[in-house]
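Protein chains in written order, with our numbering: chain A, 9 to 121; chain B, 9 to 119.
Just so you know, these hints were derived from the structure itself, not from any lab. Treat the numbers as computed from the prediction; the structure is a model and nothing was measured. Be a bit skeptical, because a hint or two may be false.
Once the Cα atoms are required to be at most 25 Å apart in a straight line, the calculated PhoX-like pairs of lysine-lysine come out as [claimed, not checked]:
(1) B:K50 <-> B:K106
(2) B:K76 <-> B:K50
(3) B:K45 <-> B:K79
(4) B:K65 <-> B:K30
(5) B:K30 <-> B:K106
(6) B:K76 <-> A:K106
(7) B:K106 <-> A:K106
(8) B:K66 <-> A:K106
(9) A:K88 <-> B:K76
(10) B:K65 <-> B:K79
(11) B:K76 <-> A:K87
(12) B:K30 <-> B:K66
(13) B:K79 <-> B:K30
(14) B:K66 <-> B:K76
(15) B:K30 <-> B:K50
(16) A:K87 <-> B:K65
(17) B:K45 <-> B:K106
(18) B:K79 <-> B:K50
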Amino acid sequence: SQTIHQWPATLVQPVGSPLSLECTVEGTSNPNLYWYRQAAGRGLQLLFYSVGIGQISSEVPQNLSASRPQDRQFILSSKKLLLSDSGFYLCAWSTGPKQETQYFGPGTRLLVL
Amino acid sequence: GENVEQHPSTLSVQEGDSAVIKCTYSDSASNYFPWYKQELGKRPQLIIDIRSNVGEKKDQRIAVTLNKTAKHFSLHITETQPEDSAVYFCAASRGFQKLVFGTGTRLLVSP
Numbered sequence: 009s010q011t012i013h014q015w016p017a018t019l020v021q022p023v024g025s026p027l028s029l030e031c032t033v034e035g036t037s038n039p040n041l042y043w044y045r046q047a048a049g050r051g052l053q054l055l056f057y058s059v060g061i062g063q064i065s066s067e068v069p070q071n072l073s074a075s076r077p078q079d080r081q082f083i084l085s086s087k088k089l090l091l092s093d094s095g096f097y098l099c100a101w102s103t104g105p106k107q108e109t110q111y112f113g114p115g116t117r118l119l120v121l
Numbered sequence: 009g010e011n012v013e014q015h016p017s018t019l020s021v022q023e024g025d026s027a028v029i030k031c032t033y034s035d036s037a038s039n040y041f042p043w044y045k046q047e048l049g050k051r052p053q054l055i056i057d058i059r060s061n062v063g064e065k066k067d068q069r070i071a072v073t074l075n076k077t078a079k080h081f082s083l084h085i086t087e088t089q090p091e092d093s094a095v096y097f098c099a100a101s102r103g104f105q106k107l108v109f110g111t112g113t114r115l116l117v118s119p
């Protein structure tokens, strides 16, 4: 069965520091991968999605970037964090004939101070 | 692009009552409509979904209805229990496309 991992689970970073969040999926090949951000008490904002290695689509202009160096690995990065980058970062995957249904990872809670 | 509106933002019911959450979408080409439940501090989890070739789908105490003409779909929870308390998100997509989520409904079920 498929499993999705995210790490770290929790992160506290100072403003201006770099960021790297990792997401990996097991048990499937060539998944679509997504990064979402959820501010406290708010909805889900799609940040990036990827349909294959090296293919990244950005949904919202910001100081974040994403990369997909391997088929089942998705990385979210920033060179300099802002206070507004705080939130719950969720990775998701989809696969199958229609690739519609998305399944979420456990998330990374980021606090920028 | 697609826009999904969700109501109400907060819903309080007594245990055993029914709860209904409604969503409207703007893109008539959308054909896939999932619902997610998110407990406090946890990831959203898919609880039920429906495709545009179906008008209603049930899974035990949960049902979803779809009205393509009016472009709205609803989540129905019967015999609510305290463990149903969570935030519920609806979403829509055109298939092979990204999901567009509603803003969420906080459901509180009081014993």
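Evaluated hints:
| no. | hint | in the structure |
| --- | --- | --- |
| 1 | B:K50 <-> B:K106 | 22 Å, holds |
| 2 | B:K76 <-> B:K50 | 32 Å, violated |
| 3 | B:K45 <-> B:K79 | 22 Å, holds |
| 4 | B:K65 <-> B:K30 | 15 Å, holds |
| 5 | B:K30 <-> B:K106 | 21 Å, holds |
| 6 | B:K76 <-> A:K106 | 20 Å, holds |
| 7 | B:K106 <-> A:K106 | 12 Å, holds |
| 8 | B:K66 <-> A:K106 | 21 Å, holds |
| 9 | A:K88 <-> B:K76 | 45 Å, violated |
| 10 | B:K65 <-> B:K79 | 16 Å, holds |
| 11 | B:K76 <-> A:K87 | 45 Å, violated |
| 12 | B:K30 <-> B:K66 | 16 Å, holds |
| 13 | B:K79 <-> B:K30 | 11 Å, holds |
| 14 | B:K66 <-> B:K76 | 18 Å, holds |
| 15 | B:K30 <-> B:K50 | 23 Å, holds |
| 16 | A:K87 <-> B:K65 | 46 Å, violated |
| 17 | B:K45 <-> B:K106 | 18 Å, holds |
| 18 | B:K79 <-> B:K50 | 30 Å, violated |
The structure does not agree with the numbered hints 2, 9, 11, 16 and 18 stated previously, though it agrees with the rest.
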